Each structure stands twice: as structure tokens, then as C-alpha cells.
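Please construct the entire structure, taking both the sequences and the accompanying hints into account.
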Amino acid sequence: MVSSRESSAVRRPSDPGLLILTSLADGPKHGHALLKDIETFGGVRLGPGTLYGAITRLEEQGLIEPLDAVDRRRPYRITALGSEQLRVQIRSMRRLTEVASSRLGQTSGAHA
Amino acid sequence: MKRRSPSDRLLRWYPAAWRDRYGSELSALLDDVRDDEGLSFTRTMAVRRAGLVERWVATGLVGTARGDAQRLRAGSIAVLCAWSLMMVAGASVAKASEHSINVLPVADRALAQMSIDAVAVAGVIGVVAVVIGAAMCVPGFVTFCRRGGWPFLARKMTVAVSSTVVSAAALVGLVGWAHHLSSSQRNGGSPTYTTAFVALALVGVFTLVAWTTVAVAAARRVELSRSILRFEAALALVVVCAMTVVMSGTLTWLVQMTLHAPSFVRGSTTGGVSTMWAARLVATVVAMVVAVAAGLLGAGRVARSWRLVDAND
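Residue numbers (the working numbering), protein chains in the order written: chain A, 1 to 112; chain B, 1001 to 1313.
Treat the hints as calculated values from the structure; they're not laboratory data.
Computed from a prediction, not measured in an experiment: that's the story for all the values here.
Be careful, since some hints might not be right.
The list that follows gives simulated cross-link-like pairs (lysine to aspartate or glutamate, EDC-like), each with its CA atoms no further than 20 Å apart [as the list claims (entries may be wrong)]:
(1) A/Lys36 to A/Asp26
(2) A/Lys36 to A/Asp15
(3) A/Lys36 to B/Asp1031
(4) A/Lys36 to B/Asp1032
(5) A/Lys36 to B/Glu1037
(6) B/Lys1095 to B/Asp1117
(7) A/Lys36 to A/Asp71
(8) A/Lys36 to B/Asp1036
(9) A/Lys36 to B/Asp1035
Structure representation (C-alpha cells):
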């Protein structure tokens, strides 16, 4: 029987790097604010270790940059390169969404 | 004495350089999460795992964060560590196979003898490659020490040299003692001699580990030109080939002994099985397999980075 619940074999985009870039797209955030925001808009609970692993890679690749720390909490902001990478990813996902929607539409049409 | 917070203890899983850069803010985040919802066992394990990943990334053995030259160096260092393990396993095979050929029927000796010879030749090739590799690093090592790098190595070097002196003295003593013993006493008949031999073997292993630690610490810090790095990487590939031959030869020898002289493999002529002997053979084979796997991991890293280092020259 087909369930309407989300299958474990097909998941929503949950790449930590992509989620962080998306969160930073509306302004700088520190680690805890990032976790909260990502959980709110993405429904994904990243762990602190995963978050900082992704932050390390994103900073090394110049996609985000650190700001001055306030009481040990250091905010990060997205760079121009990071914004460009996010746009590329969005275009790619949009194409996927369009193809999936269109094919689902054709399938339901064929069965109708 | 200042007591470390739980967050600070978790940070110990990360490499020092990473902690210097991100430690304070990750510690603050861990405190925030703990205040919010508490840190579950799963979450703390995930932080530990992430710390170990950063340690691997820092070595250059995984990920693409480090530069091509650093990855080439990391691959070569992995091969060096694998070779040290192979040396221990190889020494065990050398001792175990000492009189093994005589146990075989004359008609079945050729393949076993050939395998042992191949192991010996590959072992010599590996040692020569490692020695050449070390010699190539000497000028860089001297420059490194002159520029103030010695304190990084001093303690490790002291341990290695002390251990070498102890090993050498113990070896001389054991050889002198062995001259007064019969062949059967030297080969298990004298429990005291056997215990001393095992102790010497353990000191020898410790010495090898100590020198490998010195070599790894130096190899990670010494500045090497790209051409020398590539040469070291080529030597690493030679060493991995030698290791593969050593393992293949050992397995072939072991199969021949199992087929034609099963009592040798059992370690007993009475039909039973010597647990110690069987455990030693199994441990030796496992060590060889692990060494070859680690060597291949390093060789893969070398092979993937080689072209990029060439292209970036």
C-alpha cells in the first residue's frame, strides 16, 4: 500500500552546506541561530558537530565569512561567491522540480 | 586546577589547529544546545565523530580541503605507517618460516621456498625504498631543525633513540645467551629464553613505532620541493607493491604449509592445535592485510593527487 508519509528512500534536500547558505541568505547568524532557523524552514535538526563541519568547509571554499565574535558566538555571513553557488543550486533544484512536476502531471493524465 | 567543562572535553576530539580557530564558538554552541534541550548521548557521539573526521581531514588523507601537495604527502605518510606495520608482521613471518621448508616433503618445497624468497626480496626492496626516501628528506630536515623545528621532534627523538639503545643492548645480551643454549632450547625449550625473546620483540616493535612517530612528525613539517614530493610519492608506490608481494608470498607459503605440512600450521605434531601458535599466525596475516589496506589507501591518495601536483607546477 502506498503511504502519503515521506519515504525514507526519498528525502528532501538536507545537505548541511546548502541549508546553511539558505539560512544565511537573509542575513548573518551564529551557530545556535543557524540551527534554530534551519530546523524551522527545513525541518532538519542538524547536530553541532555536523554544523561546524559544514561551516569549516564553506569557509575554506570562501562561500561564507566570519564576522566579529560576540561573547564567544561568532556570526557568519554569505559571500558573493556563496550567493552565486546558492543560485546555481536553486536553478538545479528548480529544473528537477519542473521535470518531476511535469512527469507526474503526464502520468496522472495517462491514468485519467 | 581549572576543571574542564563538558563542552571543552568534547573539543579534545578535534585537532589542535581546528580548536584554535573554531573551538570557542563550538563550545558556546554546545552550551546553548545543552541549555535548550540537553545534549543527548547520540548528539555527543556525533560531535566526537565530527572531531575525528576533522582529524582525518587535517592529515590530508580524506577530503579535498588540503592542497594537492599536502594530499600527496599525506598519502606517502600513510604508506610509511603501513610499511612499519608490515615490518612487524614480516619479522613474525621470517621467524615462523625459519625452518619450515625442512618440514615439507622434498617434492612440495619449490613453491613454498619461492614464496619465502619473494617475501625476502620484496622486503629488501621496501626497506631500500624507505631508506632512499628518508635520505631524500635529510636536507629539508636539517633546514627545518635550523629554523627552530627541533623542539617539535626533540621528545619523540629522545624516546626513539633511548628505545633503540635498550633494544640494541638487549639484542646483544640475548645473542650472547643464545650461544650457550641448544637449538631446542632456543626454539621453545627454555621458557625463560622464550620470555626474554618475546620481551625483546616487544621492545623492537616499540622502537619501530617510536621511529615511525618521529618520521611522521618530521614528514608533516619538513618543507620539500614538489619534485622531491613526487619522488617520495613514487617510492611510496614501490613500497606498496613490495607490501603486496610480501602479503601474497606469505599467504602462498601458508597455504603450502597447510596443504603439505598441516602439523606445522597447527603448531603441534600430536594432532592438537597450539593456540598461541595459531593466534600468532592469524595475527600476522591480519596485520599484513591491514597494512596492505592502509598502504593502498595511501597509494590511492598519491595516485589521485599526482596528476594535479604535476599540472600545478
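Given the hint that A/Lys36 pairs with B/Asp1031, test it: the Cα-Cα distance must not exceed 20 Å. 14 Å, holds
Can you confirm whether the C-alpha distance between A/Lys36 and A/Asp26 stays at or below 20 Å? Holds. A/Lys36 to A/Asp26 sits at ~14 Å (cutoff 20 Å).
Please work out if A/Lys36 and B/Asp1035 have their alpha carbons no farther apart than 20 Å. Roughly 14 Å separates the two Cα atoms, so the pair holds.
Measure nothing beyond the straight line between the CA atoms of A/Lys36 and A/Asp71; if it is 20 Å or shorter, mark the hint as holding. This hinted pair holds, its Cα atoms lying about 19 Å apart.
Hint check: B/Lys1095 vs B/Asp1117, CA-CA at most 20 Å. Holds or violated? 14 Å, holds
Do the alpha carbons of A/Lys36 and A/Asp15 lie within 20 Å of each other, as the hint requires? 16 Å, holds
For a C-alpha distance cap of 20 Å, please report whether A/Lys36 and B/Glu1037 respect it. Answer holds: A/Lys36 to B/Glu1037 is near 12 Å, not above 20 Å.
Under the criterion that the straight-line Cα-Cα distance not exceed 20 Å, is the pair A/Lys36, B/Asp1032 satisfied? 11 Å, holds
CA of A/Lys36 to CA of B/Asp1036, is that 20 Å or under? Distance of about 11 Å is within 20 Å: holds.
The structure shown violates none of the earlier numbered hints.
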